[in-house]
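Protein chains in written order, with the numbering used here: chain A, 457 to 1186; chain B, 544 to 755.
Simulated from the structure, these hints should not be mistaken for lab results.
Please read all numbers here as calculations on a predicted model, not as lab measurements.
Glycine is no exception: its CB is placed at the ideal position from the N, C-alpha and C atoms.
Among the hints, a few may not be true.
Pairwise CB distance ranges, derived in the manner of DEER restraints [what the hints assert, rightly or not]:
1. K685/A - L590/B: 34 to 42 angstroms
2. S628/B - S733/A: 50 to 58 angstroms
3. L590/B - T1138/A: 16 to 24 angstroms
4. R628/A - G608/B: 22 to 30 angstroms
5. K519/A - S628/B: 52 to 60 angstroms
6. D828/A - K605/B: 47 to 55 angstroms
7. E632/A - G608/B: 46 to 54 angstroms
8. E501/A - S628/B: 26 to 34 angstroms
9. E580/B - D499/A: 54 to 62 angstroms
10. S630/A - L590/B: 34 to 42 angstroms
11. E629/B - E615/A: 46 to 54 angstroms
12. E629/B - K685/A: 53 to 61 angstroms
No more than 25 angstroms apart at the CA atoms, straight line, and that leaves these computed lysine-lysine pairs for BS3-like [as the list claims (entries may be wrong)]:
13. K956/A - K1090/A
14. K1058/A - K1034/A
15. K1104/A - K1072/A
16. K1041/A - K465/A
17. K638/B - K634/A
18. K646/A - K638/B
19. K603/B - K646/A
20. K638/B - K543/A
21. K1058/A - K1041/A
22. K559/A - K543/A
23. K685/A - K605/B
24. K634/A - K614/A
25. K1041/A - K956/A
26. K559/A - K614/A
27. K623/A - K634/A
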Amino acid sequence: MATDETYKKSVEDAIANPKLSKALHLFGDAYLIARENAFKGLDFEAMRTELAAMKDDVRIRRKELLAEFIKNAEAAGSKVFIARDTKEANDYVIKLAKEKGAKLIAKSKSMVSEEAHLNKALEAQGIRASETDLGEWIIQLAGQRPSHMVMPAIHMFKEEVAELFTKESGTRLSPEIKTLVDHARQRLRKEYFNADIGLTGANFLIADTGGIGLVTNEGNARLCATLPKVHVVFAGIHKLVRNMEDAIKITRLLPRNATGQLLTSYITWIRGAVPVSGEQKEQHIILIDGGREALYESQVCQNALRCIQCGACANVCPVYQTVGGHVFGSIYISAIGIILTAFYEGLDKAKEITRACIGCRSCVAVCPAKIDLEEIILHLRNEVTKEYGMGVVKNIAFKAVMKNRTLFHSMVRAASKLQRPVTQKKSGGSERRIIRHLPLHFMEKDFTEWRDLPSIAPKSFRDQFNTILQHVTKPLYRVGFFVGCGADFVYPEVGVSLIKVLNALDVEVVFPKGQNCCGIPALYAGDTETGVDLAKQSVEAFTEANVDYILAICPTCTMAVKRDFVDRLADHPQWSAKAMALSSKTMDAAAFLENILGASEKLRAMDLVKDSGSTKTVTYHDSCHLKRGSNVWKEPRALLMASGHQIKEMKNSDRCCGFGGTYSFLSHPQISRQITKDKVATIEDTGVKIVATDCPGCMIMLKGAVGKADETIRCAHTMELLAESLNENY
Amino acid sequence: MPAPNKHCIFYRVYTIKSRRQCMTENNTARYTARFIESARRVGAEVLQVDSLQDAVTYIKDKAKGTALVPETSLVRRHHLRALLSEAGVDVFTEKFRNAGQMPGTGVTFCNFCLADSGTVVLESTDEEIRLATTLPELHFILVDPATILEDNLAAVEPMTTFHQGHAPKFIAYITGPSRTADIERVLTIGCHGPREVHILLVNGISSDLFEN
Ligand code: SF4
Ligand code: SF4
């Protein structure tokens, strides 16, 4: 398919241009620091919960509030027009411009005008629109579209800007930022004075005043709204808020979360037709639906309209940092861009980018409107799959094989035998089972070039379990172990370690054999049907086992059993009741050890450091799903320290490692590769030789990539390190 | 001294006095210090002066080109135009649209300020105020410390009051000079609005939040 090919090429081009990715990484790092400072002393969680509730109330009462806004705006002399789609909005501006004999429109930033392709529509009628926001002007001159919602020209470098300005003005300009900004100041000043119409967006439409609010830094919106005799406001209907208090509360979140500023240089509140040259200004407010009503009506996706367009979901996204906004987005960028593209431009336009999300949930953690972006993206991916299919590879893997537990497991066993001849021998213990060519030839040819792949263990955990002797005379608890595919087939030693640790602390482990894959890989690939089937198999197995707790050593599995099974089985009441009962007793092994057993105190009492003679230094990688999915990150650190380890933190320990399940193998190996490179570099920077983590997925990624970069660095699961600290007596 | 609140045993005593008076007595010093720090952090020059005359002298020393000084009620009451002219500032006397596209200086009072972000709030419905605060290279703002509020939450009340009725309104929050980071994310001052913002704190101008 042509679009697939074009998309694939755009990904490759972006990766071939490391300059942009480097700049976006620097920006992402600086952003996190600035943001943290800006929120000092404030309760971000409480603030965003309040914003979400406010936006939800607006959604429910939108008809009434919109009517109130219109009534108040008209009473203050504004003209209000509701445009069902962006074409109606453009036509209104064109008609108005013709009535006024307008030749030039000075524009300040309006995302919805990008959505409407307003400039192009005006141009076709012989009306020139001049962007006055510096970034927007740059990309207008370059004939491009924004690659970030707050910083539209973030992908360009000063040399390119100098080139553009030189071409436009006919005088050579040096690539110095100060010179370039000064040039824009002088040059655009003329436009405000000559323009017949000033056009702005609106950050708020305030129902009980009938006024708008504009949040800017440069001061161009104030000039656009002041100098020309006609002011046009171009805004999406979702910018509605109830009153001044709502708007002011958003101004406390928006700049802090967008750029780490306490407030932007200017916030401008305009209500009605203010005076201009001794007369009354004409103010036209165009309220645009353009797919928003449909989005409001979508139960699953409606929260996306809580968005206040701070751009943060892009700033922290590893995929955005790797390929930039022109690849990972359309008009709107990154996580929110995927959703809005699907609704405003059509599912077809969003089909590749819904698959490009790696599922790390960084965007969810940082969103000031508390939108579960990842959840919505996942839903859209399912829609894409329903509509367009999954592609042959995933169909075979998930539909035919995964659903049939015995077939899946025997195929894995067969693969394990097949690969053995190519397995490499390595000196350092557990690293030996690494292959360079996985015998599953349906995978892409070139993807083993950049990192080693794990081979499948000769004996899976499920085949080993019966041979493990447990000596627990008086068990405190009986726990069921949900092994997950990673620990079952690739790293069974993690499961063995877990049993050793639990036994030492008087806990008995049960392994229900009927359990199957948690189904997340199938779901991520958009195959809901297989997901439901797999959930039923595991729910059945664990219900029968009747244990005190269910533990997983893979955070994705934990999330699946704890949260997703219940949702996934919602249409089957007798199943979802069982899933619910399991949910409350499911947790990650580290969380169980620390929070239920109080293991770090017990381990400290065992005085393991004295036994082993010295402390070991490790650095810790937070897996995305463990930290942001289950809020577990203190626990493994506490356990490691209690068992005689010292922790030297790496930079951005909670940034994604690039795994994302089948993502790294099948759908976006190139992007994943870039993200992993960053991770490896931060690990190497610590100078520490052991990386601990609590996720087999991260282990696959890190063992492979770290191993290739530096053979002396070892990656291990926290449970392995704990087991090693226990001396022979335990 | 902590801000009086409903749980404070002195709350009743405080409320016997007017609320404004109470705020002035207890918070002005604290908010002023915070305001100065925050406004400087965002690149404004902030100076405490003893009298309006001292402020005028400061403006005279720094001003460039012609000065746009909109005729507001405080400007009239304090004879600001006359004071500036006498000090030798070139005060522009025509309609500000005739002052060229890049006038040198703007001088205004303000309505109130926000301590936590270093913001000045200026009701600018009169077009001359808007021109005097958006076009010039330098903007001098005279502030009475008694009008410094704690933060933008404290501004909800006066902002709501401003919007009672249906009259057209244009209110500007100004936090430091104009800035951009649109080229290579490098913070650069003076994009479209004033390059320099000078805030002069003078006691006794007016403690009325609705007057400028
Ligand atoms: S979940 Fe991660 S990869 Fe996906 S959009 Fe959010 S930040 Fe980006
Ligand atoms: S989705 Fe959330 S984080 Fe992303 S731009 Fe909107 S408000 Fe900001």
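- Query: Within 25 angstroms, alpha carbon to alpha carbon, are K956/A and K1090/A?
  - Reply: holds (22 angstroms)
- Hinted pair K1104/A and K1072/A, Cα distance within 25 angstroms: holds (10 angstroms)
- Item | Hint check for G608/B and E632/A - Cβ pair distance inside 46 to 54 angstroms | About 25 angstroms separates the Cβ atoms of E632/A and G608/B, which means 46 to 54 angstroms is violated.
- Task: Mind checking the alpha carbons of K1041/A and K956/A for me, to see if they're no more than 25 angstroms apart?
- Result: holds (21 angstroms)
- Determine whether the Cβ-Cβ distance between K519/A and S628/B falls within the hinted range of 52 to 60 angstroms. Holds: the Cβ-Cβ distance is about 56 angstroms, inside 52 to 60 angstroms.
- Starting from K646/A, check that the Cα of K638/B is at most 25 angstroms away, please. Judged against 25 angstroms, a Cα distance of about 18 angstroms means the pair holds.
- Using the Cβ atoms, figure out if S630/A sits within 34 to 42 angstroms of L590/B. For S630/A and L590/B the Cβ distance comes to about 35 angstroms; the hint holds.
- Message: A range of 53 to 61 angstroms was offered for this pair. Does it hold for the Cβ distance of E629/B and K685/A?
- Response: violated (36 angstroms)
- Item | Proposed proximity, K543/A with K559/A (alpha carbon, max 25 angstroms) | holds (20 angstroms)
- Decide if the proposed pair is consistent with the structure: K1058/A and K1041/A, CA atoms, cutoff 25 angstroms inclusive. Holds: K1058/A and K1041/A sit about 22 angstroms apart, inside 25 angstroms.
- For the pair we were handed, K685/A and K605/B, check the Cα-Cα distance against 25 angstroms. violated (33 angstroms)
- Query: Within 26 to 34 angstroms or not, the Cβ separation of E501/A and S628/B?
  - Reply: The hint (26 to 34 angstroms, Cβ to Cβ) is violated, given that E501/A and S628/B are roughly 55 angstroms apart.
The structure fails to meet hints 2, 3, 7, 8, 9, 12, 14, 16, 17, 19, 20, 23 and 26 from the earlier list, while all remaining hints are met.
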